[in-house]
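Using my numbering, the letters of the sequence shown correspond one by one to residues 464 to 835.
None of these hints come from the bench; they were simulated from the model.
Bear in mind that the values here come from a model prediction, so they are computed numbers and not experimental data.
Cβ coordinates follow ideal geometry from the N, Cα and C atoms, glycine included.
Some hints here could point you the wrong way.
[Stated by the list, open to error] Simulated restraints, written as ranges between beta carbons of each label pair: (1) Gly-561 - Ser-829: 21 to 27 Å; (2) Tyr-831 - His-796: 42 to 48 Å; (3) Pro-787 - Val-817: 18 to 24 Å.
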Amino acid sequence: MRHQIHDLLAPLPGTARQIHSFHFGPTSAKGKIYIQSSLHADEMPGMLVAWHLKQRLAELEATGRLRSEIVLVPVANPVGLEQVLMDVPLGRYELESGQNFNRWFVDLSEAVGNEIEGQLGDEPQRNLELIRESLRNALARQTASTQLQSQRLTLQRLACDADVVLDLHCDFEAVAHLYTTPEAWPQVEPLARYIGAEASLLATDSGGQSFDECFTLLWWQLKERFGEQFNIPLGSFSVTVELRGQGDVNHPLASLDCQALIDYLIHFGAIAGEAAPLPELPYPATPLAGVEPVSTPVGGLLVFTALPGEYLEAGQLIAEIIDPINDRVTPVHCTAAGLMYARSLRRMATAGMVIAHVAGTEAYRSGYLLSP
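Kindly produce the complete structure, drawing on both the sequences and the hints.
Following this line, the structure appears as structure tokens:
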């Protein structure tokens, strides 16, 4: 194992922070896997999974079973990790800018496309290597003027030339689910099976330039630009893996999830060994544009009547909003049928608040598809 320390831009004297990356496997390996956790710093299940994974990867490296380089970043957001206000962790948004830590990673698809335009050829592997080299160089030329930009650039530089990028998150109260692209789904489906994803949500561009899409979108956009002339492969695919809810931080679950990731990497060929049989897929992949963000028209005490992982019929009751002053009870229903994969942790709703997400099968939304 090789431990690397990456200094972030310090906003003030004496406030320096760092990203720590752990590199396993042969440095000369052609394949590379990148795994990070807790980019939203109030989401801890992935960090415990990464800790378990770190021990397992060290054992696998010692026995010579790693075929690819595997890069692990257990603490992807030291900036947000320190944001605790009156005993409440605030790790989703940077307090100074108000920006979501998992949005607005730098988009270099146009710059890379312009640089390689006259160099592409008929050999897909050469095109792949050319694009990766151009992307590495373009990221190296980027400069950061804030700590947040510095953190984003550090993570992008670590992951930009990986074949597979796994970003470990969680929701508020949720079942295991994941986000990826339709193009990558054939390669991601085994992971969905191993991890027991009860919802797999697909979108090529969900908006917001999140960490996972800053890689997949670049390859997709280059293929759109040059695909009729040159063979542009899918040089990287990314997955946001949502490891249930914020409270699901325990060793039994983390051990299961760690083993699921190991099983997937064996199946993918990054780790030598016999792949475990693929479990059944709990719920078919559906379009992210088919997700209904269920909101409440009024504020009040939030009382759920449906659980994460429950399949709902169209119009089914999800929750009641109770006004303890005038005794009004407002029912909240989903519109279309689907699987409720996540719901709010809060139990006092404000008017217009999204309280749950239901994965339907028919796409009906467009534009920006993510939560803020």
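To see whether the hints hold, each was checked on the structure:
no. : hint                          : verdict
1   : Gly-561 - Ser-829: 21 to 27 Å : holds (25 Å)
2   : Tyr-831 - His-796: 42 to 48 Å : violated (24 Å)
3   : Pro-787 - Val-817: 18 to 24 Å : holds (22 Å)
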